[in-house]
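*Asks:* Residue 31 in my numbering sits at position 43 of the sequence shown; the count goes up by one each step and never skips.
Heads up, a few of these hints could be off.
[Said to hold, decoys possible] Simulated pairs of lysine to any residue, SDA-like, Cα-Cα distance not exceeding 20 Å:
id, residue 1, residue 2
1, K112, N(-2)
2, K64, P113
3, K50, E16
4, K38, L58
5, K64, R18
6, K38, I82
7, K50, V36
8, K64, L1
9, K112, R52
10, K50, T5
11, K64, S42
12, K64, Y45
13, K38, I(-4)
14, K38, R9
15, K64, V32
16, K64, K100
17, K64, E15
18, K112, T78
19, K38, P14
20, K38, S79
21, K50, P14
22, K38, E15
23, K112, V32
24, K50, Q(-6)
25, K38, L1
26, K64, R52
27, K38, R59
28, K50, E15
29, K112, P63
30, K50, A115
31, K38, T90
32, K38, A115
[Stated by the list, open to error] Label pairs and their in silico Cβ distance ranges:
id, residue 1, residue 2, range
33, V32, N88, 28 to 36 Å
34, P14, R95, 35 to 43 Å
35, D72, V32, 14 to 22 Å
36, H114, H7, 43 to 51 Å
The hints are simulated quantities; they were obtained by calculation from the structure and are not laboratory data.
Heads up, the beta-carbon is just placed ideally off N, CA and C, and yes, glycines get one too.
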Amino acid sequence: MSQPIQLIINEVLLPTTTHDRYQCYPEELREQIQMISGRIVEEVRGVVQKISYSYDYMGDAKCREVLGALRSRGPKTVAYLPDDGDELVTSTFIVESITNPTLAFFRDGTPKWHNLAFTLREVKPHARHY
């Protein structure tokens, strides 16, 4: 049985990760504004999707492919599995952070990389649907 697809970045299929290493959730973009009277109001500007992903041990070829997609300039086209559905959704994201992998060990002369992690944020906010 094949693994379900969670995440594709710029046409690079990422390995399915489990054990609390994948999150995809909506986040409200808010700004607090202080009025002349001193009262503070909060404006919700929209909602973006956030994705957190980490993977424990990744082979050299796949790790280089994933890092190439993450480190490329500009926004990324991402197909992702949202927390409120079971089908991939496609949108444009930016990379908020990357935890670069470390070299774990060599197997048959090929490096295995350890602890790759990153966070993505959707570029364009949209209205929240209730």
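*Asks:* Now, for every hint given, state plainly whether the structure supports it.
*Replies:* Taking the hints in turn, this is what the structure says about them:
1. K112 x N(-2): holds (17 Å)
2. K64 x P113: Holds, at roughly 15 Å.
3. K50 x E16: violated (33 Å)
4. K38 x L58: Between K38 and L58 the Cα gap is close to 15 Å, so the pair holds against 20 Å.
5. K64 x R18: Violated - the C-alpha atoms of R18 and K64 are around 24 Å apart, more than 20 Å.
6. K38 x I82: holds (10 Å)
7. K50 x V36: violated (28 Å)
8. K64 x L1: Roughly 13 Å separates the two Cα atoms, so the pair holds.
9. K112 x R52: violated (28 Å)
10. K50 x T5: Within the cut-off at roughly 14 Å; holds.
11. K64 x S42: holds (18 Å)
12. K64 x Y45: violated (24 Å)
13. K38 x I(-4): At roughly 14 Å apart (the allowed maximum being 20 Å), I(-4) and K38 satisfy the hint.
14. K38 x R9: The given pair, whose Cα atoms are some 13 Å apart, holds under the 20 Å limit.
15. K64 x V32: violated (25 Å)
16. K64 x K100: With a Cα-Cα distance of about 25 Å, the restraint between K64 and K100 is violated, given a limit of 20 Å.
17. K64 x E15: holds (19 Å)
18. K112 x T78: At roughly 12 Å apart (the allowed maximum being 20 Å), T78 and K112 satisfy the hint.
19. K38 x P14: Status holds; Cα separation ~6 Å.
20. K38 x S79: Distance of about 11 Å is within 20 Å: holds.
21. K50 x P14: Violated, at about 28 Å.
22. K38 x E15: holds (7 Å)
23. K112 x V32: Status holds; Cα separation ~14 Å.
24. K50 x Q(-6): Between K50 and Q(-6) the Cα gap is close to 16 Å, so the pair holds against 20 Å.
25. K38 x L1: holds (18 Å)
26. K64 x R52: holds (16 Å)
27. K38 x R59: Roughly 18 Å separates the two Cα atoms, so the pair holds.
28. K50 x E15: Violated - the C-alpha atoms of E15 and K50 are around 30 Å apart, more than 20 Å.
29. K112 x P63: Holds, at roughly 11 Å.
30. K50 x A115: violated (36 Å)
31. K38 x T90: violated (24 Å)
32. K38 x A115: holds (15 Å)
33. V32 x N88: 28 to 36 Å: With a Cβ separation near 34 Å, V32 and N88 satisfy 28 to 36 Å, so the hint holds.
34. P14 x R95: 35 to 43 Å: holds (39 Å)
35. D72 x V32: 14 to 22 Å: 19 Å Cβ-Cβ, so the 14 to 22 Å window holds.
36. H114 x H7: 43 to 51 Å: Since the Cβ atoms of H114 and H7 sit about 30 Å apart, the hinted range of 43 to 51 Å is violated.
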